[in-house]
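Asker: Using the sequences and the hints given, assemble the complete structure.
From first to last, the protein sequence lines stand for chains A and P. All letters in the first sequence, in the order written, are residues 534 to 923 by the working numbering. All letters in the second sequence, in the order written, are residues 534 to 923 by the working numbering.
It is worth saying that the hints were derived from the structure and are not from the lab. Hints are supplied without guarantee of correctness; some may be wrong.
[To be verified] Heads up, simulated BS3-like pairs for lysine-lysine below, C-alpha to C-alpha not over 25 Å straight-line: (1) P:K878 <-> A:K847; (2) A:K556 <-> P:K807; (3) A:K767 <-> A:K817; (4) A:K922 <-> P:K914; (5) P:K767 <-> A:K545; (6) A:K876 <-> P:K866; (7) P:K866 <-> P:K787; (8) A:K876 <-> P:K749; (9) P:K817 <-> P:K767; (10) A:K749 <-> P:K556; (11) P:K922 <-> P:K866; (12) A:K922 <-> P:K847; (13) A:K668 <-> P:K876; (14) A:K878 <-> P:K922; (15) P:K807 <-> P:K876; (16) A:K847 <-> P:K807; (17) A:K866 <-> A:K807.
[Said to hold, decoys possible] Among the chain A residues that face chain P by a calculated CB cut under 8 Å, a handful are: (18) S549; (19) L551; (20) W555; (21) I570; (22) L571; (23) D585; (24) D609; (25) G625; (26) Q638; (27) E642; (28) G692; (29) G717; (30) R722; (31) S778; (32) M892.
Cβ coordinates follow ideal geometry from the N, Cα and C atoms, glycine included.
Number of protein chains: 2
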Amino acid sequence: MITVERALEILKTETSPLRGEWKAVAASRGRVLAESILSPIDMPSFNQSAMDGYALNAVEGKDNYSVINEVAAGSDEEPELQPGEAVRVFTGAMVPATANVVVQQEWVERSGNVIRLTHEIQLGQHIRLQGGQIKTGELALEAGVVLNPAAIGFLAGLGITQAHVIKEPKISLITTGNELIEPGNELNRGQIYESNSAMLCAALEAYHFNAHTVAKVRDDYALTKKAIETELEKADLVILTGGISVGDYDFVGKALGEIGVRELFYKVNQKPGKPLYFGTLGDKIVAALPGNPAAALTCFYRYVLPVLNQMAGKGFTGLEEIELPIREAYFKKGERAEFLKAKIKAGCVSQLGSQSSAMLNSFAQANALIYIPADRGQINKDERVQVLKF
Amino acid sequence: MITVERALEILKTETSPLRGEWKAVAASRGRVLAESILSPIDMPSFNQSAMDGYALNAVEGKDNYSVINEVAAGSDEEPELQPGEAVRVFTGAMVPATANVVVQQEWVERSGNVIRLTHEIQLGQHIRLQGGQIKTGELALEAGVVLNPAAIGFLAGLGITQAHVIKEPKISLITTGNELIEPGNELNRGQIYESNSAMLCAALEAYHFNAHTVAKVRDDYALTKKAIETELEKADLVILTGGISVGDYDFVGKALGEIGVRELFYKVNQKPGKPLYFGTLGDKIVAALPGNPAAALTCFYRYVLPVLNQMAGKGFTGLEEIELPIREAYFKKGERAEFLKAKIKAGCVSQLGSQSSAMLNSFAQANALIYIPADRGQINKDERVQVLKF
Chain A
534 MITVERALEI LKTETSPLRG EWKAVAASRG RVLAESILSP IDMPSFNQSA MDGYALNAVE
594 GKDNYSVINE VAAGSDEEPE LQPGEAVRVF TGAMVPATAN VVVQQEWVER SGNVIRLTHE
654 IQLGQHIRLQ GGQIKTGELA LEAGVVLNPA AIGFLAGLGI TQAHVIKEPK ISLITTGNEL
714 IEPGNELNRG QIYESNSAML CAALEAYHFN AHTVAKVRDD YALTKKAIET ELEKADLVIL
774 TGGISVGDYD FVGKALGEIG VRELFYKVNQ KPGKPLYFGT LGDKIVAALP GNPAAALTCF
834 YRYVLPVLNQ MAGKGFTGLE EIELPIREAY FKKGERAEFL KAKIKAGCVS QLGSQSSAML
894 NSFAQANALI YIPADRGQIN KDERVQVLKF
Chain P
534 MITVERALEI LKTETSPLRG EWKAVAASRG RVLAESILSP IDMPSFNQSA MDGYALNAVE
594 GKDNYSVINE VAAGSDEEPE LQPGEAVRVF TGAMVPATAN VVVQQEWVER SGNVIRLTHE
654 IQLGQHIRLQ GGQIKTGELA LEAGVVLNPA AIGFLAGLGI TQAHVIKEPK ISLITTGNEL
714 IEPGNELNRG QIYESNSAML CAALEAYHFN AHTVAKVRDD YALTKKAIET ELEKADLVIL
774 TGGISVGDYD FVGKALGEIG VRELFYKVNQ KPGKPLYFGT LGDKIVAALP GNPAAALTCF
834 YRYVLPVLNQ MAGKGFTGLE EIELPIREAY FKKGERAEFL KAKIKAGCVS QLGSQSSAML
894 NSFAQANALI YIPADRGQIN KDERVQVLKF
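Answerer: If you want it as structure tokens, here you go:
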């Protein structure tokens, strides 16, 4: 049995980003750039008006200009202006090479084809110069950047349609247990509804990990082994729930050993989630979580999520970790570290009732986990504790 | 022109949650419950073992028990135990009514069909009692709860497959502008690549608003009006970009007036994003954002996101708002409030370069916006400023 801290260290060391793939920019939000992108164009690619108004071939001291033409946004016309002449322009339109200033329309009085300036102007004003944002060949975005909405817009604005991004991990989920029955069916005595798959798929989706499939197997050694083998072929990460404890029907550990999965660790000194297993087979990762829903979800947040982010190229980061004062005193019995379902409210954190590993009631109300390290016992009211926010 | 604060007040007052709909629980993560859910079952629905071990009909002072049978998880068998008898049980299995304790297997020595207890036991231990988590008819989840992964698991565990949840807002995005061309095509002089749709779709997706469509129109009054009418029929929220300024080709304002959209406000005393418009038509909302990408995205984060969350039943909440010390002094010129692209790092916030409303470079690197209220000018180094985190 290892500590929480050691388990995290091992996972941080033993996992790494997936390879790159070419992907449509518009569908790459949240992805990490596998290689830097240089701009293929000047942006803007012409001198661009930042205002609705007039482009002038301005002459010092002159207030009246004759309007000889107009340039709408998107037009490739470029009228030639003599000193003292103006063209009507609009935001985003090309400013002719012979103009040296744009004046917003609120700063002119127009009568017929003559405009009179009502304000002092500065040469060059309201012209976005060609290449002012970025020039052809300059670094647009660096490898390792996470493509947020602004980055997607930026790349689209450069006319880039494909980017080389780190692959999204493919995830297979395998639930085990003879007692499990699908929601919607009649419950016989001794059976419970299978809820881990819906819960973990929702958790994956919450963090935008969409490439997952679900398999369900009975407590049978051959079927369990076959399912793990099949899913390992398809997925980068296989998540199992249940079957990893010490019972006679817990076939997961044995099957993983037979398949040749190398154990990273088994059993962590924590509550809930003691019988947690991680292993690797080549580049693939196997996470075997406890069957109890609340324990499985706790392990997902604390261990699986940072592994997934690491695989996606975002580093070994999971839930946001902060320190907050605890609203009521808490006494931790025993020598295991604890994750408590908790609610952050008004700058404080409270632990919620029903901390049993099988119970999801309080988890459904929670927006955080409190982490109590193994060596702590009495936690006083208002003491600052470590909090994982989701 | 109104203040940022007044604009937010108006939107908070004038928007409201959509109606409820029945939806598969497994597909309802992030949705808000439109009505409370009572449990249809006892959970667990039988006395359940919390351990791999032995269920005993325990007798005080007795250490040796004969094992007469076993109950696997999922089995409906319920052997009858006489005092002094035990059955093998596994985590999740039914504990027979005639047993009064479960002993974990690590606490017994077994030889043949006899087990000897090696530890002191407490009657009732390791039995999860029928209905211990929730009883039939008790409140499972209250109306207004956001269905997080744990809540999805909890409902699935109760066998519930459908929930009455607030609808997800349907969103239509309309981009306007003759100068816009699709990325992937050759750029002619005077044209720019259309990037607002990819950027805003990514922003919507980042916050799990997936029900959106995109329409693109040229600067033409009749086409603009027709597009707005068509999208208003399909969508709960129509987002426009561009065409809302004072130029001769800005047809959006006129079209909205003709269609009968009631203006909530037009023009906000802010930079970027001054020409921001919101209106309503019945229950529908129209947001007309500036055409400049960075301005459009700023307005999305500050105004559109809280409106969407309100429509989805989550209240008028958008980006997380915190206060942080600013790393360098900043001087705000002019009387408009400002949103600065910024980066939070090591407990401080820095404003990034290139704050022009047309530039996305710095936005692509940003993880926050700094808000400088209209009445502020000089901001000193280390002064605490309002930060919107994304």
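Asker: Does S778 of chain A pass the interface check with chain P, least Cβ-Cβ distance below 8 Å?
Answerer: S778 of chain A check passes; min Cβ-Cβ to chain P is 6 Å, inside 8 Å.
Asker: Can the restraint linking K866 of chain P and K787 of chain P be considered satisfied, given a maximum Cα separation of 25 Å?
Answerer: Violated: K866 of chain P and K787 of chain P sit about 32 Å apart, past 25 Å.
Asker: Does K922 of chain P lie within 25 Å of K878 of chain A when you go C-alpha to C-alpha?
Answerer: Holds: K878 of chain A and K922 of chain P sit about 18 Å apart, inside 25 Å.
Asker: Next pair to validate is K922 of chain P with K866 of chain P; report whether the Cα-Cα distance is within 25 Å.
Answerer: holds, 24 Å
Asker: Is the straight-line distance between the alpha-carbon of K749 of chain A and that of K556 of chain P 25 Å or less?
Answerer: The hint holds at about 23 Å.
Asker: Can the hint on D585 of chain A be confirmed by a CB-to-CB distance to chain P that is less than 8 Å?
Answerer: holds, 4 Å
Asker: Does the alpha-carbon distance linking K866 of chain A and K807 of chain A stay inside the 25 Å limit?
Answerer: holds, 15 Å
Asker: Hint validation: S549 of chain A versus chain P, beta carbon distance must be below 8 Å. Holds or violated?
Answerer: At 24 Å from the nearest chain P Cβ, S549 of chain A fails the 8 Å test, so the hint is violated.
Asker: May I ask you to test the interface hint for G692 of chain A with respect to chain P, counting a Cβ-Cβ separation under 8 Å as satisfied?
Answerer: holds, 5 Å
Asker: Let's test the interface hint: is any C-beta of chain P closer than 8 Å to that of I570 of chain A?
Answerer: Hint on I570 of chain A: violated, closest Cβ of chain P at ~11 Å, above 8 Å.
Asker: Against the 25 Å threshold, does the CA-CA distance of K922 of chain A and K914 of chain P hold or violate the hint?
Answerer: Judged against 25 Å, a Cα distance of about 30 Å means the pair is violated.
Asker: Between K807 of chain P and K876 of chain P, is the straight-line Cα distance small enough, at 25 Å or below?
Answerer: holds, 23 Å
Hint compliance for this structure: hints 2, 4, 5, 6, 7, 8, 16, 18, 19, 20, 21, 22, 27 are broken, all remaining hints hold.
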